[in-house]
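*Asks:* Assemble the complex: chain P is given as a structure, and chain W must be docked to it using the hints.
Protein chains in written order, with my numbering: chain P, 1 to 284; chain W, 1 to 294.
Rather than coming from a laboratory, the hints here were simulated on the basis of the structure. One or more of the hints may lead you astray.
Said to hold, decoys possible - 25 Å max Cα-Cα, derived DMTMM-like pairs, lysine to aspartate or glutamate: (1) 143/W / 190/W; (2) 186/W / 265/W; (3) 175/P / 283/W; (4) 253/P / 67/P; (5) 186/W / 224/P; (6) 186/W / 283/W; (7) 143/W / 123/W; (8) 143/W / 272/P; (9) 175/P / 235/W; (10) 186/W / 182/P; (11) 253/P / 45/P; (12) 186/W / 196/W; (13) 199/P / 182/P; (14) 143/W / 193/W; (15) 253/P / 39/P; (16) 143/W / 196/W; (17) 143/W / 224/P; (18) 175/P / 224/P.
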Amino acid sequence: MAEPVTHFPASPSKSAFPYLLGAGFLAVLAWSLYTAQVDPRRLFEGDALANAARFLRGGFPPDLSAEFLSQMIRPAVETIQISVVGTLFAVLIGLPLGLLATSSLAWSGILHERRAAMGRWVLGFLPYAVARGLLSVFRSVPEYVWAFMFVRAVGLGAFPGVLAIGVAYGGMLGKVYSEILEGVNPRPLETLQAAGASKLGIVLYGLIPQALPSLVSYTLYRWECAIRASAILGLVGAGGLGQQIELSMRFFKFDEVVTLLGMLLCLVGAVDFVSGRLRARLTR
Amino acid sequence: MRPSASETNTRPQTETVPPRPSGHDHHGWLAPAGFVALIVWSYRGTGVDLAQLVGLEGVRQIAAYVGGLFPPDLSWTTLQDAGIGAVETFAISLVGSLLAVGIAVPLALLGARTLLYRGVLFEARPLAPGVWALRIGISAGAKALLRLLRTIPEILWALIFVFMVGLGPFPGVLALAFHTGGVLGKLFGEVIEGVDPRPLEALQATGAGRLRIMLYGILPQAAPQFVSYALYRWEVNIRAAAVLGFVGAGGLGQRIYVTINLFLEHQLLTLILAIYAMVTLVDALSAYLRRRLV
Chain P
1 MAEPVTHFPA SPSKSAFPYL LGAGFLAVLA WSLYTAQVDP RRLFEGDALA NAARFLRGGF
61 PPDLSAEFLS QMIRPAVETI QISVVGTLFA VLIGLPLGLL ATSSLAWSGI LHERRAAMGR
121 WVLGFLPYAV ARGLLSVFRS VPEYVWAFMF VRAVGLGAFP GVLAIGVAYG GMLGKVYSEI
181 LEGVNPRPLE TLQAAGASKL GIVLYGLIPQ ALPSLVSYTL YRWECAIRAS AILGLVGAGG
241 LGQQIELSMR FFKFDEVVTL LGMLLCLVGA VDFVSGRLRA RLTR
Chain W
1 MRPSASETNT RPQTETVPPR PSGHDHHGWL APAGFVALIV WSYRGTGVDL AQLVGLEGVR
61 QIAAYVGGLF PPDLSWTTLQ DAGIGAVETF AISLVGSLLA VGIAVPLALL GARTLLYRGV
121 LFEARPLAPG VWALRIGISA GAKALLRLLR TIPEILWALI FVFMVGLGPF PGVLALAFHT
181 GGVLGKLFGE VIEGVDPRPL EALQATGAGR LRIMLYGILP QAAPQFVSYA LYRWEVNIRA
241 AAVLGFVGAG GLGQRIYVTI NLFLEHQLLT LILAIYAMVT LVDALSAYLR RRLV
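Same shape as in the complex, but just chain P (with noise of 0.2 Å):
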């Protein structure tokens, strides 16, 4: 009797890659579950489905009652304050970081080849590392520690909102500003250079136009994310919907709760879509 083929030499290498990968993911993935306590009879003991009823029960019908609805107008005006102005600070703390952090601004590539190495080194590249470094920790820490810390600082209100927004939002723009703009086509760049324009006029007339539909378009998207942001911040004392949310759900008024939820639901769909308009208007 023949011998059985076992080796194919045309058939993908056999390498241990994938079951290394696969055991290791087991692994990891059982000993989270146990450290997470997940349980998820936990969900269907008496006590959770009696809360889950509870909360059911006295949510519905939402409170529509005109003294409470008047009373929320305000918060809800103030989430939207904060994610625009948030936004802004974001932008002003992002974009001259993310200049900095833009290797193909700072040191590298067509605009430095004719500079020395050492003023290269000391000019470009020492802010670039310090921008990249900056970014990475404002953008780390989570917007609600950011806000936890400026109501520290600067006392409760709209205001530490604006801030945690402002810092951990311009972390994430300057961030992508700077891939966006080393993202450009270079052939363009070259070609002004090659026409004799000065390195101001490589910026103007060649990076910015390819950078800035993608520069705005991402600032919306992140605008979205920032009133999200800004209902929620006030469980922290950061004003807006999140403080009325948790005051209600402290004092178990779940009707109250569902109302602004409700609200928040509205809130988060019209600036999704009022955003979604103009980034559809700006990428056509």
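*Replies:* This is chain W only, laid out in the frame that chain P set:
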């Protein structure tokens, strides 16, 4: 219309360039003006005093606070506490993201119009009108459910689940799973509806049934993007998991909440550094997995 002399000279009008609609120019300045008005209105409404912020007072307050955070508390007990919190946060983000995929995939499949009632799959054998209407209803229902899941932010889900099952990391897992399930369900659905139809048509032309077209036409196109989106949401969720503890859902957030309220600034900085380390680690892991898998 903006008939500028130079433009007409360099680029003569041809039939291929349609004239701009006359309403366009109104919107040209209306949108920016509205935008500026929105910013001014919001700026006044939030009571932010930029002059105060830039002019020392606000900056000094913030600088004093940030300065007070240093140096981080690196004593063994604090490090141990931060380590346990970080591990818990990691576990919450991982399990929460996986559960989210488990919620998102079935709902995305049920919501995808191209799987339920229109497109290539239904060209060969159209659906009966009753079935067709039912399927439109199912799709709309699944999409509405996904919208509800993702509109309620993680931290509000956490608030609700803490109320249901009590304190600890488990409500955090559920909160991430529900919100992220809604987000991923939408993204997965868009992927499914957006696959290149040509391979599907080719399969159909060879006589493949609906199931085969799904398995060999849609799935191979969609799977890499599913993985990519799931990894991306994991990166988002490690940040979210770090703050769910504010409402009692375990992890680093719970410890941060305590240290801020008790003014333990040096310990707070240690915990923030732990968040930074976790976020960086997960970003790196996710990037690695994306390179290997997608």
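*Asks:* If a hint holds in the structure, say so; if it doesn't, say that too.
*Replies:* Results of checking the hints against the structure:
{"no.": "1", "hint": "143/W / 190/W", "result": "holds, 11 Å"}
{"no.": "2", "hint": "186/W / 265/W", "result": "violated, 40 Å"}
{"no.": "3", "hint": "175/P / 283/W", "result": "holds, 14 Å"}
{"no.": "4", "hint": "253/P / 67/P", "result": "holds, 15 Å"}
{"no.": "5", "hint": "186/W / 224/P", "result": "holds, 16 Å"}
{"no.": "6", "hint": "186/W / 283/W", "result": "holds, 23 Å"}
{"no.": "7", "hint": "143/W / 123/W", "result": "holds, 24 Å"}
{"no.": "8", "hint": "143/W / 272/P", "result": "holds, 16 Å"}
{"no.": "9", "hint": "175/P / 235/W", "result": "holds, 15 Å"}
{"no.": "10", "hint": "186/W / 182/P", "result": "violated, 30 Å"}
{"no.": "11", "hint": "253/P / 45/P", "result": "holds, 23 Å"}
{"no.": "12", "hint": "186/W / 196/W", "result": "holds, 18 Å"}
{"no.": "13", "hint": "199/P / 182/P", "result": "holds, 16 Å"}
{"no.": "14", "hint": "143/W / 193/W", "result": "holds, 13 Å"}
{"no.": "15", "hint": "253/P / 39/P", "result": "violated, 28 Å"}
{"no.": "16", "hint": "143/W / 196/W", "result": "holds, 22 Å"}
{"no.": "17", "hint": "143/W / 224/P", "result": "holds, 20 Å"}
{"no.": "18", "hint": "175/P / 224/P", "result": "holds, 18 Å"}
Comparing the model with each numbered hint stated earlier shows that hints 2, 10 and 15 do not hold.
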